[in-house]
Amino acid sequence: MNLFAADALTADGWMRDVLIAIAADGTIARVEAGARPGGAERVAGALVPGMPNLHSHAFQRALAGRTGRASAEGDSFWTWRQAMYAFLDRVDADAFEAIAAQAYVEMLKAGYTAVAEFHYVHHDPQGRPYADPAELARRVVAAAGAAGIALTLLPVFYAHSDFGGAAPTAGQRRFLHTPDSYARQFEVLVRDAAAAGYGLGVAPHSLRAVTPDELAAVIALAPRGAPIHVHAAEQAREVADCVAWSGAHPVEWLLGHAGVDARWCVVHATHMTAGETRGLAASRAVAGLAPTTEADLGDGTFPARDFLDVGGAFGVGSDSNTLIDPFAELRQLEWSQRLARLKRNVLGTRELPVGQSLHTRAARGGAQALGRAAGAIAPGCSADFVVLDGNDPALGGQDPDTLLDAAIFGPCRKPVRDVMVGGRWVVRDGRHPREDAVLAAYRAALAHLSG
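Residue numbering for the sequence shown follows this note's numbering, beginning at 284 and increasing consecutively.
Just so you know, these hints were derived from the structure itself, not from any lab. Errors might be hidden in some of the hints.
[Said to hold, decoys possible] Per label pair, the in silico range of CB-to-CB distance:
no. : residue 1 : residue 2 : range
1   : Asn674    : Tyr413    : 45 to 53 Å
2   : Ala376    : Gly480    : 34 to 42 Å
3   : Asn674    : Ala306    : 29 to 37 Å
4   : Ala304    : Ala425    : 26 to 34 Å
5   : Glu470    : Gly542    : 21 to 29 Å
6   : Ala304    : Gly542    : 35 to 43 Å
7   : Gly448    : Arg627    : 45 to 53 Å
8   : Arg373    : Gly581    : 19 to 27 Å
Using N, Cα and C, we set each Cβ at its ideal position, and we do this for glycine too.
All chains, please: the whole structure from these sequences, using the hints.
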């Protein structure tokens, strides 16, 4: 099929009258600017690359808005985590799938076209393996398939409650694996991924939850070129505990012991020293940022300007899915830097407006983190596109150079009109074809949980 866009943000910047040829496998075969439409389908607005979501815990979508009551001892990431454990005790496999499907439909409508699901809930509510140990992983795959979002599944290895191999807590019972049980599950998923067409990587949860030997065993399972994702340095307490255990900060330890390279996504990396910031950028790993979740949980502020100044790559994710909106993630990222530095347009460049700069970098970094040829309108990339809604008053009358600034920082709150994934339309005129059925199942799951 062929698409024609009056304005498109290509790999070479904004172009006029762009004809895009899409191959049968859903990849971009040709991009031609200054073209005539011929018989091509005309898109109904400016065309930009779809945003990969590099970090999601889909089940947490149902927790959003349920943790706002202050506790006597004061709330923090750690008290939120206990609330999340308690909520998860009630989520069975059917509810797990229904919640994930709702999250994925919302992602598509917001402009995410692919998702890396950091999947760490493996067992039933009592902590027992399902008859099919990959039961919940298959539910994630089914939810992504129903929504039509491209998936990179990241089964998580989780074995301990703290550094040094501490015994897990009761609240973590649904997450736990041994190296052998994880390897068996991963072998099954390798076969499934090849048949079903989703991406697959590995995810040692964090240095808190794995020992060095376990980390090495999990990394060794990753197929050649497959993504490797890990949480690191999200909380100041985590950093202090890591230093007490190893004498090194978390990102410092990973850089020195784990062979971090371009396959890696280090999620959060909030509390880094200057040396860690330079080292992570030099490794060519992606910093996986979730600015709205990091703000919601009181994590801290990522050193974004310093990281970009030394060539660092980043992408964004919805993480806890309290807010599902890539434009909001980029807005929060830039605003956090403005508040910290008392300046404006901190993450822009002299060549590009800040909105375009942020969107372009995040799309490319996210695609790298997912192991997906995407994130740009260029030959060889997946045809993952977002059509911006020019009927929105905030976007109407904008020049292409300022469209993404208006979508991210202006009063526009629904900038997305249409969404394509792998050459197939999944959202048209702001609606997903299955959104009503998915929402009904989601509401039924919440009613069951409440009951």
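Each hint, compared with the structure:
1. Asn674 / Tyr413: 45 to 53 Å: 47 Å, holds
2. Ala376 / Gly480: 34 to 42 Å: 22 Å, violated
3. Asn674 / Ala306: 29 to 37 Å: 31 Å, holds
4. Ala304 / Ala425: 26 to 34 Å: With Cβ atoms ~32 Å apart, the hint holds.
5. Glu470 / Gly542: 21 to 29 Å: 22 Å, holds
6. Ala304 / Gly542: 35 to 43 Å: Given a distance of about 39 Å, which is inside 35 to 43 Å, the answer is holds.
7. Gly448 / Arg627: 45 to 53 Å: For Arg627 against Gly448, whose Cβ atoms are near 47 Å apart, the range 45 to 53 Å holds.
8. Arg373 / Gly581: 19 to 27 Å: 25 Å, holds
When the structure is compared with the earlier hints, a violation turns up for hint 2 alone.
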